[in-house]
Amino acid sequence: MEANISLEMGSKPIIKRSRRFATLDFARGAAIFLMISLHTLILVLNIDDLLSVIDDLALVNLVMLMILPFYGGLAGFFLLVSSASNMVSMYRDLERGNSVRGIVFKQVFGGVLLLIFAMLCEALIGYHGALGNFFLNLNDIPGYFQYNPLLNYENWGGGVTYNWQVLLYRFSHFETIHTIAWCIIINGMVQGLLSLKKNWQNRRRMMISYVILAVLVVALTQPIWDLVSLYGPGYPFGTIPETGNVLFTPVLGEDKWWRFIAAPFLSALAAPMEPIFPYLAISFVGSIIGIEITKPREKLNKKFPRNMFLVGASMFVVGLIGVAVIIIGIMTKTDFDTAIGIYQLLPYHRHYSPSYANYIPPFAWVAQFLCVNGFAIMLVMFLFRMIEYRGRSKAFSDRSKTVRRFGTVAFSNYNNQFIFYIIFYLLSYAIFFTPYAKFYWAGTFLVILVTLAVFTLLLIGWEKIKYTGSLEWFIRTVTNNVVPARKKRFDPSVKWWQKGQVDVEGAFYNPEWIDLEDPTEEKAKDEKQFLKDQKESKFALILSIVGLVTIILNAASIFGLFVSLRARKLEGKNKKNTRALIISIIGCVLFAAFYIVCFILKIGILGLF
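Throughout, the numbering used here is defined as the position within the sequence shown, counted from one, plus 11.
To be clear, the hints were calculated from the coordinates, so they are not data collected in a lab.
There may be inaccurate statements among the hints.
[What the hints assert, rightly or not] Label pairs and their computed distance ranges (CB to CB): (1) Trp508 - Ile593: 54 to 60 Å; (2) Gln212 - Leu460: 46 to 52 Å; (3) Phe573 - Glu538: 20 to 26 Å; (4) Phe573 - Ile442: 53 to 59 Å; (5) Glu523 - Ala441: 42 to 48 Å; (6) Gln212 - Pro503: 32 to 38 Å; (7) Met77 - Leu207: 46 to 52 Å; (8) Leu619 - Thr467: 37 to 43 Å; (9) Phe456 - Leu619: 38 to 44 Å; (10) Phe271 - Ala441: 31 to 37 Å; (11) Phe610 - Phe573: 22 to 28 Å; (12) Lys344 - Arg103: 35 to 41 Å; (13) Trp508 - Phe573: 42 to 48 Å.
[What the hints assert, rightly or not] Listed next, the in silico BS3-like pairs over lysine-lysine satisfying Cα-Cα at most 30 Å (straight line): (14) Lys499 - Lys306; (15) Lys475 - Lys534; (16) Lys310 - Lys587; (17) Lys498 - Lys306; (18) Lys306 - Lys27; (19) Lys412 - Lys344.
Every residue, glycine too, gets a C-beta built ideally from N, C-alpha and C.
Construct all of the structure, not just a fragment, from the sequences and the given hints.
Okay, here's the thing in structure tokens:
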């Protein structure tokens, strides 16, 4: 989404309120908030010890161990939000009359810059880069700087101690941020081609085009992977014959120069995590969402959130069944531990292909892709239905500042996750007198809480200087000083370094929040029809029923409870919201009872281990 700039001109700040979608801002912040929590948990929790006595642990431990890999695979959620935001920005530029060529250049240039900084993050300044690994070796700083013969650092078997030498190979590693960068580049070009001759004004045709492109990307995925495997058998997990280094991460000083040229491009096509084949398809889905929400309110398809949610739900159910069949099949071919190990690798897309292990069935990646990304679509559309389509943007945003703040400089927060290395070191040393000693659940949650508190305080302080010095500031500063379409938006008196600052007041605290429907306005226009439609009551009833009859989505009962209470205030008491209230209360009680039972019963009663 577009972010306007707040600048100091003399002694008076010029504040321009930007128009923003609460869902996109909250979802971006929530993704980073959960990412930091999850990554901290993975680092700190003593999973090996827990598994060794798993029969004696409360059942809730098994529930958590089953849920965590799934949530770790929701990179598509962030990609959806990013691509929808970029599409909103592009449409606003088009509606201002900016040239298609200028908009495409801005998008592609910004994507290339993001890709460069992503590579720099992974190799040098990020939490997995040379700087991050320094903070993971505070108990052995001389060992960190010692040169060791390079091992196969990306061997996926574990047991490797990382040091400064990651900067020699990790530049070609591929994460979600790289996927986003490549999708910005490609989507910018695609949008430019589709927008020629003012075709962008025909939103229906644009959306159909993106549907076709999304299907085409998924269909081409396996052929593209097969072509990339010609570079080296077993790509990306295979090794370079001359050195034994992993194919997708050649090592400076060991491998041939041309491999460094090829590595970033091949990683984009077929890397282990989220390669653009098939994840470009999810970016196109995000573009469809962005096109729809930029329509004038009177032209909006009121059924769009429901229809998209059902698409996501269908993908999720089919994918979940597929993943279950795959895990059971692996269990019959190998053993229980191997099957569970594959499930724990759910976030790693290419691990669900035979190139990772010969017991993985062909096209298993399709089930993984549908499962995690179908759920991501469901989450995004649920948020839109709960917020923008209920006229709740401002009220919700005022209550979600803490989470939204994490998304203001999302890339910087991703990069700065080495902060939890420091907190882990300090707390483990203070409690166990042993640095980096792993915790059980209580200690793990302590580390997570302290980490989130430190991040929050850092962000509150950082916003005082408009996030100057953040990675986003560097990227915006370059873009806003170089790209003509961005450069012309600033007064000549504005200093170069001010052009990259975030307008905290106009874009975070006091923007113009966009609602796609406003029940209060509808009620004022035609109260009789409004009360007859009972939209809020119907929505509350659907949520309460879904929460009651499903296992995975039983948390919907909680939302159903709050929506039903608001429906009674807005529409008066009626049969639908009364039923919704009763059913949601029952669902909440069952939801709480389930977890109480899980805290009491032991895993051993299941006889699985």
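Status of the hints after comparison with the structure:
1. Trp508 - Ile593: 54 to 60 Å: holds (59 Å)
2. Gln212 - Leu460: 46 to 52 Å: Holds - the Cβ-Cβ distance for Gln212 and Leu460, about 50 Å, lies within 46 to 52 Å.
3. Phe573 - Glu538: 20 to 26 Å: The hint (20 to 26 Å, Cβ to Cβ) holds, given that Phe573 and Glu538 are roughly 23 Å apart.
4. Phe573 - Ile442: 53 to 59 Å: At roughly 39 Å between Cβ atoms, Ile442 and Phe573 fall outside 53 to 59 Å, so the hint is violated.
5. Glu523 - Ala441: 42 to 48 Å: holds (47 Å)
6. Gln212 - Pro503: 32 to 38 Å: holds (33 Å)
7. Met77 - Leu207: 46 to 52 Å: With Cβ atoms ~49 Å apart, the hint holds.
8. Leu619 - Thr467: 37 to 43 Å: Distance hint for Leu619, Thr467 holds at roughly 39 Å.
9. Phe456 - Leu619: 38 to 44 Å: Taking Cβ atoms as reference, Phe456 and Leu619 lie about 25 Å apart, which means the hint is violated.
10. Phe271 - Ala441: 31 to 37 Å: Cβ of Phe271 to Cβ of Ala441: about 43 Å, so the range 31 to 37 Å is violated.
11. Phe610 - Phe573: 22 to 28 Å: With a Cβ separation near 25 Å, Phe610 and Phe573 satisfy 22 to 28 Å, so the hint holds.
12. Lys344 - Arg103: 35 to 41 Å: violated (53 Å)
13. Trp508 - Phe573: 42 to 48 Å: For Phe573 against Trp508, whose Cβ atoms are near 44 Å apart, the range 42 to 48 Å holds.
14. Lys499 - Lys306: holds (26 Å)
15. Lys475 - Lys534: violated (41 Å)
16. Lys310 - Lys587: holds (28 Å)
17. Lys498 - Lys306: Roughly 27 Å between the alpha carbons, so the hint for Lys498 and Lys306 holds.
18. Lys306 - Lys27: holds (22 Å)
19. Lys412 - Lys344: violated (49 Å)
Hint check: violations occur at hints 4, 9, 10, 12, 15 and 19; the rest are consistent with the structure.
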